[in-house]
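Chains as they are written, first to last, in this note's numbering: chain S, 1083 to 1388; chain C, 107 to 649; chain D, 2 to 116.
Everything labelled a hint here was simulated from the structure, so no lab data went into it. Some hints could be false.
With a straight-line cut-off of 27 Å between C-alpha atoms, the simulated DSS-like cross-links for lysine-lysine are [stated by the list, open to error]: (1) S:1106 with D:46; (2) D:8 with D:46; (3) S:1372 with C:597; (4) C:300 with S:1162; (5) C:358 with C:300; (6) S:1106 with S:1121; (7) C:300 with S:1114; (8) C:314 with S:1114; (9) D:46 with S:1314; (10) C:597 with C:187.
As the structure is a prediction and not an experimental result, all values here were calculated from the model.
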Amino acid sequence: MNRADFIIYWGGNPADCHPRHFTKYTLTPKGKHVPMGRKGRTMVLVDVRETPSVRAADIFLQVRPGKDFEVITTLRALVKNQPVDQARVAETGLTLAQLQDLVGRMKNARFGVIFFGMGLSMTRGKHMNSAAVLALVAELNAFTKFVCMPMRGHGNVTGADVVMRWTTGFPFGVNLCRGYPRFNPGEFSTVDLLVRGDNDAALILGADPGATMPQPAIDHLARIPTIVLDPKVTRTSRLARVHITTAAMGISAPGTVYRMDEIPLPLRPILQSPYPTDEVVIRRIHEQVKAKPAWLPASFKKVPCA
Amino acid sequence: MLRITGGRVYDPANGIHGEVKDVCISDGRIVAEVEGTGVRTIDASGMVVFPGGVDVHTHVAGAALNFARAMTPENQREAVKFIHSPELRAGIGGITPTTFATGYLYAGLGYTTVNEAAVPILSARHTHEELRDTPIVDKSCCVLMANNELVLDLLEEGETERAKQVVAWLIWAAKGYGVKAVNPGGVAAWKWGKDAKILSEPVEGYSKVTPAKIIASLAAIVNDLQLPHPLHIHCNNLGAPGNISTTLETMKLLEGYRAHMAHLQFHAYGGDGWNSLRSEAATLAEYFNAHPNLTADAGAILFGNSVTITADGPWQHLLYQLTGHKWGNLDVENETGCGIVPYVYKGSNLVNAVQWAVGLELLLLINDPWRIFLTTDHPNGACFWRYPEIIHLLMDVDFRRERVRKLPAKALKRIVLGDLDREYTLSEIAVITSAGPARALGLSRKGHLGPGADADVAIYNENPDRELMFRYPRYVLKGGQVVVEEGAIRKVVDGREFIVHPSFDENIEEYLRPLFEQYYTMSFDNYPVEMHRVEGADIRECG
Amino acid sequence: MTHTVVKNATCTFCGCVCDDMELHAEGDRIVKTKLACGLGEAWFKNHTAEHLYPDALIDGQPSSVEEAVQAAADYLYEADMPLVYGLSNITCEAQRAAVALAERIGGVVDSHTSL
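Take the sequences, apply the hints, and build the full model.
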């Protein structure tokens, strides 16, 4: 807000999904070093379809679905003045002139930023796309100041990353079966585990996989003892053995939440909920488990995951 | 109540250097004598008794380190594992240990107090949350100030008094203990992709504020506020060949003030490029020895894996370009920034060999151990759990010379380490690992074993292999409780946090509120860290 | 009916986590929001403090929280490889408790990030 004069949104629709992103954080505010506010900034939107966010953009680049990686790679080549194949560029739905113009603007920015959304990180190429954006931004720093940031969806998904990193050393998908943290995305990530049928119980906290996950994963959740903590009775609650209603975060439950730029904020709940908070319920479950004989990790006895 | 008997006691703060005497403990404190029934005795015959270690400069919690954890899963995989048990939390050690492992590893080394050296105010809440999950050790935080635009803008206007009020308010808002200056002006300039290399030139975006002005102003403010720890400064041009001139210039600016020079090893280089890099430890030590207003920590490096994390964003970008390795950059709105680059120090590399020697040379050439402390700027130069390797190098000249001979021949001409005969005594080790840093931090109940001190004690088996001796303490006591026995965690206790409450004019909020509303995306009322987040707060009023 | 106002409240609906809301509540519901976007306003107004759902369900039947906590602990203790999943719509304090529990039961802990 204070510095960026060149802003790219890639694969996201903030106008609908993060309505105040433009007005509070990026585009419209008069920044300390961008006193003109909106007039002092250029905004480029890159997406596969026209969304309401296009209206806010100065330049809209419509990429063919699944061609983001090719576009980013071409930009990286152009940044370094390397030759690019015209025919390949044409396949992306954009012209070489458009991309050259974009590279020129990026290099001439005083402070540039790329926000990338799920349209980039969750479509074909997935983490390859994210990695390519990060590389592009790192390389742009040879010319000017450039940064990037993923647009995170759920309220405190950033907090989950942050907390897991400091407690276990890894951001998600952490396996504690052996008594110490192990990380292997694809092996220990939820959908893979459930589809393979690896888990023999599940505790679902503030999520509704019964409404969003692939059917084989949902089928497995219905087969095993599933426990749900949620402010509402969800679809997952209906296939679970146990549901416990909890107070809604920020409305009637106090605590801390991380913003997508990893800044922690306190919550100021206004209502008194008739239900306990997630924290209290999880702690009570923990106390009950703790009262039972201690579980010994794999290194002490048989492999518990077998 | 507890009596440690038969051990040779090293308590240099109280003039005790290896005498066999009893150390008595009651209610978590050292006392002159314990009597009556119910006194437990620890037989420390054949052992040495030290005050618990104090780390004056380390990075163990907060946004930057936590970012580094995520950046290096390959290192986490090969790291030491902490297996969950009914008493212990799970964790992993390695170059960026998890919070629980950090507490266990420090305690396992005989350290009981750590100073987290770089806390951005905007994310101080995060740092305190992590410190709450860092068990056993007591903690304090230095708050980043030398690139804070609220402060810099006031210096630009020449409003020194108001700047002092703002600094005091910010320290209290962050629940900090000291003030840290990192690459003064350089991080603010980095937000424009620039650096601040010359102390007398205005910082990018300002016309009057120079790094020199920032350094002198902050040193004066910290003195005026009577903070227990002096200005903690990371000089400009960290790691750059020839930076000795900047470091000397910085120290000259600090004449008349107390100051702590962080990780001096990274600031003691001669030469005009990577190929001509040489040690200037002797020049630096000569000046330093003559100026008792200064303390410093070594910031030594050891060969092997590390991850470099610093608020020095521009340096990190250079390191990324040099190594082609991963690079993470964080800019913190209006206040500071941070760069993260994994790095491997190699004995065969000329630059790394010189760096390795410089850290040890400073420790040997600075003749007053009360002013130079053992650190590796964890995790930048090496991990804190490798301190015993450095102690071995300091205490054994033959072992050190043998290591020097293994360096590249070219490196030998650029260092003086091979010529140094000094060997540290056990008393001096107790000073650089505990008594000295405790005094520099102004922690009067730490770093000694006199009556009234916190009963933080490390007991080591006497062993000619100093590395082994210091790696596995026989017992470690924290607040009078035995937390480590034979290298294993026996009991987990909670640590405290030391914070200061400098006096300031409450009306300063009237000045700050509108600025916040204009320049910050966080609400002013949500900015200060709430007291309940600081575990076991030990508040010192000052100013 | 009591009218309460909270300033600088934080909205947790999307990843922006704006912390400058002003909320007005009457009784057990939020009646007015200032500075919230359309999504935020709906989020605040859709959550009330009414007792709309049973405290807990075991096999679809209403039960007490106490019984449900005991049943949950039994299932998780017995499991060899339990999964703790979600974490995106709970506070950091609850997340820390969830990781501690996952350790105790020797399970896998995962969030929406893995999707």
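These are the hints, each one checked on the structure:
no.: 1; hint: S:1106 with D:46; result: holds, 22 Å
no.: 2; hint: D:8 with D:46; result: holds, 16 Å
no.: 3; hint: S:1372 with C:597; result: holds, 18 Å
no.: 4; hint: C:300 with S:1162; result: holds, 21 Å
no.: 5; hint: C:358 with C:300; result: holds, 25 Å
no.: 6; hint: S:1106 with S:1121; result: holds, 15 Å
no.: 7; hint: C:300 with S:1114; result: holds, 18 Å
no.: 8; hint: C:314 with S:1114; result: holds, 18 Å
no.: 9; hint: D:46 with S:1314; result: holds, 14 Å
no.: 10; hint: C:597 with C:187; result: holds, 18 Å
Taken one by one, the earlier hints all hold for this structure without exception.
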